[in-house]
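Asks: Each chain, letter by letter, is given below.
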Amino acid sequence: MSNSNVILLVEDNRYDEELTLAAFEENRLHNKIIVARDGEEALDYMLGTGQYEGRDVTDLPQLILLDLKLPKVDGLEVLHRLRDNSRTKFVPIVILTSSKEQEDRVKGYQNGCNAYIRKPVDFSQFGEAVKVLKLFWTVYNEPAYDVAAVAK
Amino acid sequence: MNPKWTFNTQVSASLTLAIAIFMGIGFLFYRNMTDTIEAVHLGGHSYEMNMALEHLFSDLKDAETGQRGYLLTQNENYLQPYLQSLQTVHQKFDRLSTLSQNNKLQRQRVTLIGSLMQAKLQELGETITLSKTQGFTAALKLVKTNRGKIYMDQIRQVIEVMEVDNQKLIDKQSLLIEQGFRLTTFSSAIGGILALGILILVYGLLMREMTARQLANTRLEAEIVERKRIEEQIQQLNINLEKQVIALDTTNQELESFAYSVSHDLRAPLRSIDGFSKMLLDKAQDKLNPEEHHYLENVCENTKRMGELIDDLLKLSRLTRSEMKHEHFDLSMLVKDIFEEYRKRDPDREVQLEVTEGLLVNGDINLLKIMLENLLGNAWKFTAKTEVARIKFGMQKNDDDKPVYYIRDNGAGFNMKYADKLFGVFQRLHQMAEFPGTGIGLATVQRVMRRHGGKVWAEGEENKGATFYFSF
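Line order of the protein sequences matches chains A and B.
If you read the first sequence in the working numbering, its first letter stands for residue 1, the second for the next number, and so on.
If you read the second sequence in the working numbering, its first letter stands for residue 1001, the second for the next number, and so on.
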């Protein structure tokens, strides 16, 4: 178990953002959620550039929830760049998107996502999905590095 | 002309005949020439013989004349003809002998003439000698024996006979020549006319053939023009077709992007509607009366439904767009597999399945799987309220011997008067409460069949069951 409590949510739609945050609240998932509203912001946060210049990049989130259709820098591009970087390579990334198109799924896995979830319309199902996600990736799943080790 | 012969055969035969006729005429002409020449020879020969006979006789007469003259005058000068004759008579006789060589009869006569001639000449010589030695009276005595006269007469007779014969021969040859000439002229004329006739015939055939060919040519030319025109038409049609294909492709691409945009963009607001409605429901739980509660629940219910509808529409459109791959496979196996899936999903239900084994088909296995899932799913769903649920999959042959497959169930069935509404998109004959569903299943089935160039239809009876037939 790592110390970091942060989940990075990359989502451009503010309603979806609100719903996700509410879902976390509802299910009492006590995480600090950082929201990036486009691809550029997400990369800035992870790599400590732009508006997040000077941030301690060793402080990696436990989980990244990534939407695909993002302004500025596309979701798949973000995924690709993060997988390219040796430091962010192993952070669990779950694609959370509306699309069920096979093309998107394949590209997601090709670029190295850990999981692909289609956002359900039904809110309660959505809440359920979020809960399961969080539980799995942050509780049961063992990450590549412990946060403490990386800090060293 | 035998009409069965080809043009070439007709012309060849005619020309061959004409050539044969000409050759015949030529041959006749040649033969006649040789015959004529021979006849002329023979005729000439006989004529010459007669001439020779006359010359000989003339010599003999001369000799006689000389003898007479001398006898009468005792003048040596009068002996001249006699002496001259003696010189030439033998030559003339030899000539006659030569001429009469070929004819046995004439030869014999000539021999006779020869003997007679010898005798006569001898007599003449005797009288002359007598006259010289013994005088006129002694000579006259010898003459009066008529020996000389008899010889001369006999010679004359033989010569006459010979001349007559020769003349007959000459006449005969003349006749032959004349006849031969007439024959040749006649046959030449006939042959010439025939040949001319044949040539005219050949000309006629040629003309006929040429006009026929000309006609054929004209017709062919017209046909070529027509074909070129049709070719151009076809080319134009092809161009149009290609344009249409491009237009279709564009439409398809537009449809794809439309479907994609639906899958993304419509769902997001739906999610928000549902999410916030639920949250409202949650947060304002205590503050709402049952009616208000109910309203909010309806909102949620309907957004969920809309999501399902959108998903189904997307699936249906994907069905029409995907590429078909035809292969041979066992339809019965597929039915059994799908049935097993339903059984695993719903292990509590007891449904009897009857499958006709080994029905092989040729089609797109994925599309047909989706279709069968829908048909079997329906059968499974609508037999939920039946005591002993039975589903049967089989095949029968229709009127034009094509195989028709069917899935029969003994479930809720339907009223036949709604039979044509069954396959419409989102068409349902039941309430959501009775049996769930969006009503896209049968529209999907029909679309799969359409893509295979086949069709689907149904028969049913309320509460007794339904049978869905399909063939492709």
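Among the clues, some could well be false.
Unchecked claim - Chain A regions said to be covered by chain B (calculated; three or more residues, Cβ under 8 Å):
#1 86-93
#2 123-134
Stated by the list, open to error - A partial selection of chain B residues facing chain A, derived with a Cβ cut-off under 10 Å:
#3 1062
#4 1267
#5 1282
#6 1284
#7 1286
What the hints contain is simulated information worked out from the structure, not anything from laboratory work.
For every residue, glycine included, the Cβ atom is placed at its ideal position computed from N, Cα and C.
Asks: It remains to establish, for every hint, whether it holds in the given structure.
Replies: Consistency of the hints with the structure:
no., hint, verdict
1, 86-93, "violated (count 0)"
2, 123-134, "holds (count 3)"
3, 1062, "violated, 150 Å"
4, 1267, "holds, 5 Å"
5, 1282, "holds, 8 Å"
6, 1284, "violated, 14 Å"
7, 1286, "violated, 17 Å"
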